[in-house]
Every structure is written in structure tokens, then in C-alpha cells.
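Modelling step: build the complete structure from the supplied sequences, incorporating the hints.
2 protein chains.
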Amino acid sequence: MPRVFLTVPLHVGESVVIGGEEGHHFARVLRIRVSEEVALVTSGQAYLGTITEVDNKNGEVVASVVSTLPSTESRHNVYLVQGLAKGDKIDTIIQKCTEVGVRGVLVVETNRSIVKLPHDKRPSKVARWQKICQEAASQSQRDVVPEISFAKNEPEVQQWLESLGDTQIYFADEDESALGLKDAIKVSRSQSSPTATSVIVVGPEGGWDDAERTWWKSTVGASIVTLGRRILRTETAGIVAISAVLYEYGELGGGDEP
Amino acid sequence: MPRVFLTVPLHVGESVVIGGEEGHHFARVLRIRVSEEVALVTSGQAYLGTITEVDNKNGEVVASVVSTLPSTESRHNVYLVQGLAKGDKIDTIIQKCTEVGVRGVLVVETNRSIVKLPHDKRPSKVARWQKICQEAASQSQRDVVPEISFAKNEPEVQQWLESLGDTQIYFADEDESALGLKDAIKVSRSQSSPTATSVIVVGPEGGWDDAERTWWKSTVGASIVTLGRRILRTETAGIVAISAVLYEYGELGGGDEP
Chain A
8 MPRVFLTVPL
18 HVGESVVIGG
28 EEGHHFARVL
38 RIRVSEEVAL
48 VTSGQAYLGT
58 ITEVDNKNGE
68 VVASVVSTLP
78 STESRHNVYL
88 VQGLAKGDKI
98 DTIIQKCTEV
108 GVRGVLVVET
118 NRSIVKLPHD
128 KRPSKVARWQ
138 KICQEAASQS
148 QRDVVPEISF
158 AKNEPEVQQW
168 LESLGDTQIY
178 FADEDESALG
188 LKDAIKVSRS
198 QSSPTATSVI
208 VVGPEGGWDD
218 AERTWWKSTV
228 GASIVTLGRR
238 ILRTETAGIV
248 AISAVLYEYG
258 ELGGGDEP
Chain B
8 MPRVFLTVPL
18 HVGESVVIGG
28 EEGHHFARVL
38 RIRVSEEVAL
48 VTSGQAYLGT
58 ITEVDNKNGE
68 VVASVVSTLP
78 STESRHNVYL
88 VQGLAKGDKI
98 DTIIQKCTEV
108 GVRGVLVVET
118 NRSIVKLPHD
128 KRPSKVARWQ
138 KICQEAASQS
148 QRDVVPEISF
158 AKNEPEVQQW
168 LESLGDTQIY
178 FADEDESALG
188 LKDAIKVSRS
198 QSSPTATSVI
208 VVGPEGGWDD
218 AERTWWKSTV
228 GASIVTLGRR
238 ILRTETAGIV
248 AISAVLYEYG
258 ELGGGDEP
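First to last, the protein sequences are chains A and B. Taking the numbering used here, the leading residue of the first sequence gets 8, the next gets one more, and so forth. Taking the numbering used here, the leading residue of the second sequence gets 8, the next gets one more, and so forth.
Just so you know, nobody snuck in bad clues.
Identical chains blur together in the list; that is why a pair holds if it fits in one copy or across any two.
BS3-like cross-link-like pairs, simulated, lysine-lysine; straight-line CA separation at most 30 Å:
hint, residue 1, residue 2
1, Lys224, Lys93
2, Lys224, Lys123
3, Lys123, Lys96
4, Lys138, Lys96
5, Lys132, Lys96
6, Lys128, Lys138
7, Lys138, Lys93
8, Lys132, Lys93
Worth flagging that the hints you see were computed from the coordinates, not collected in a lab.
Below you can see the structure in the form of C-alpha cells.
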């Protein structure tokens, strides 16, 4: 079922006119027809809709809002902090982590990031990542489009972390061998509030330097963890760790799901 | 540390001559120098080696075998059966699943596979996948290069499954909503021998048809499971499910690791 994110409020029993990019997509790209079913999502809630009118010429459709759809979102929030990596790796990371269920991604320029993102390129790059994220959210039937942000330095990272409220931060470090992610999650679950948000932190290709490691550990209280004895690429570590956290919380085909 | 897979036996205290493709890689691509450290892997055991001679002209190096290295392999074996998918998706799946720790991959031509693999293209395609796998195994510091196989029909799949011995098969199905992967693994762990191998089964883009679903369930005894309420792409489902299984068994940065 095609899924579209809207910014207008939706009410069961009423109709909604879908124009703009979404209307164009339905009418002219998908060539949707009257009576086809669609999923309409607004403010974290998805609705079943039925197409009642199609205006191919103007790229506009009208849908009747039939009923609410059950939530596909994880009740446990997991965020990713990802060191800026080369090429289109960030695109892939955002796409895959959105599918699995990440709630938001902060891309960070680190000391060992091989590429840098000049100030004037930041808005267009973040907009591009946000678009990839929205497409992945639609494809994977999410009710929420995760927010993609960018931080150039530690104060910006700290501000972003504080905006999340109560967090448990897991800093993946290939030089760590003592504390495994699984142990760290178990300790966190026993100590923190059940509503605490998990944050996974993954470095760029070259990893973290000592100053960064110390900052994450001492200033923001991250647990420095290993993801096991096999070395994961920067574009693999995030999706693996997010899968593990969501699995642990019963949000990846687990018995705790509604 | 560069890592190379060799087919000759290695003994601590002895020297080994590395020629062929590996010697070329060390001498001419990496331009390795005398006294540099390398990891030499044979028959599932890794050794620390020190380069003692480099012949750049002939692409040959000599290494002295210094000591054994601790295993990086999971003690729980997980295999992937992957429905043949379009484009270079299988390449990515093999690369990523090898990093995470898959023990072997069977690519299967299914009823809804959009691409087909003609008989005469099979050997070259499997050889190409095996090469991608070997590079990923080296990069992620594996002690074993997973074996990539191909099956065109159900008897070939069955033969491959039988070669694995005692298995627990998890068939990922987006139409399933009752039994989650986590529940299925917990049931399996309580019922099966601790040495049973896990097999994750992922369909192509178009999913499975009813006949295939029935075959997996009734003929080979697979558990039909959901990976949760978000829809994962075919190239995402395998790595997510393998991460979950290895996490469950304490093989992804878990306390059970040696």
C-alpha cells in the first residue's frame, strides 16, 4: 500500500485533498486510481485511506479517511550518532537505519572524518539526507519520519543529546574488549527509567581519537562498548547495534510487541 | 593489520612463503615492509606473522609465524538463505552478512525472483560472490571465509540444509504477525541441542509465494516468523536477523564471549 506523510490533520470520515509533491507522486508517478487504498500518515498516526478522485492533469488526488491503522513504531526510542563518512555511506546508513526503526540520526564531523562538510553545504546536505530518510520511512511503513541533524562540534552534539531527555549512550569502540553491548544494555535496563532513550554512537572509517573517546565517556556519560570480535565497517555498525537494541527491547518481532 | 587466508598448514616458529595473489597483494599493492605484522589464517585458525623478506619484483613475501591469535568466530553458527534479488543487492548482502558473522550463504532462485541465473552463468557468479565474501572476511578479521552456494530448486535447497546437520530454520515473512523472531529463537534454544545451527531465510523483493511458504514450513520444518512491524527490504532483512540471532547467543559483544 502506498504511504504518504502529510502535514495536515486527518479525521476518520472526512476527506483530504493531496496536492504538491505527494499528489504528483500518487496521480502521475504511481498512476493511482479511484477506490485504491493508501496509507496516510500525520503526526505519528497512520490512517487507511481510499482514493475518491484523481486529477492526473494537476497531480492532485482526494482520499477519504477510512480508519486508523495500528502503529508500526517501536515503543523504545533508539537514536544514532554517526561519524561523517566518505562517499554515499551516510545515505546508506540513513536508509537502512530508518527501515530498522531508528528515531533520529545525528551526523557528526569528527577529528578523523576524512571528508568535511563546509558550513554553506550543510543545509542542502541535511535536506538530501532527510529526503532519503522520508523515502525509507514510507517504504518501511513507518508512522514517523526520523529527523536527520548535523553537528560540527561537541557543544552541538551535547545540545542535541540534551534535547532527547533521559538517555543511555552506547559508544561503539573497536578498541574496547571488556564491556559488550549486551551487558551494557542489561545494566542500563536495570538502572535507568523504562522510558530512557538509547543512543548508539558510531565513528567514521578511521574511528575516534582519544580526546573524543574521553569526551563521550566523561562529559556525556557514554558506556564504551564492543560490538564483538569481528570488525564492522562504519556503515555496518549502526544498523547492527540498532537491530540488537530493538531486539533486546522486544521491538524486532518480539513477544512484547502489541 | 592486513589479513590473508592461506591454504597451507602453518606452525608457530616456522616460516611461510606467500606467493600468488596474496603475495602480489602484500608486496605490490600494500607495499608491505620487512618486520611489519600480518595476520595469517588457515583452516579456521589465525596466526600473528612478521614479514621477514619482501620480493617486490616477483610479488612474493616470507613471513615468520610468531603465535596464534584468539578466535574471532562466533561459537553459534548462523547461515543465510537469500532469495535471488536484483542488481548488486546480493553483493551487498554477502559483504554485510560476512562482516556480522554469517557462516555461509545459499542464494536461491525463487518463484518471484525477478532475475534468473542461467545455468552457464552460475559458476562465474558464485565465484564473484565468493571473492566479495573473502574480501569482507579479511576486512572484518574473520578466521573463516563463509561458503557461498547457489540453489535453483527445492531439492538443491534441501540437500544444502541437510549438509548443515541439526538446524533451526527461521523463515522471515512479512505476512506473518503472530510469531516474532525473538519468541521463535527462545523456543528453539529451549528445545534444540546447543550446537544446532540457525538458518535465516529471506525472500527476494517480491517475497515468497504460498507453495514456497508451505514447502519451508511443512517439508523442512521452518518457523515462519515476523521481524517486526516495519517492512524491511530484502537487502536489509538478513543482516538484521543475523544480528538479532548473534546478539541473542551472546556473540555480538555479549557477556558469553570468551
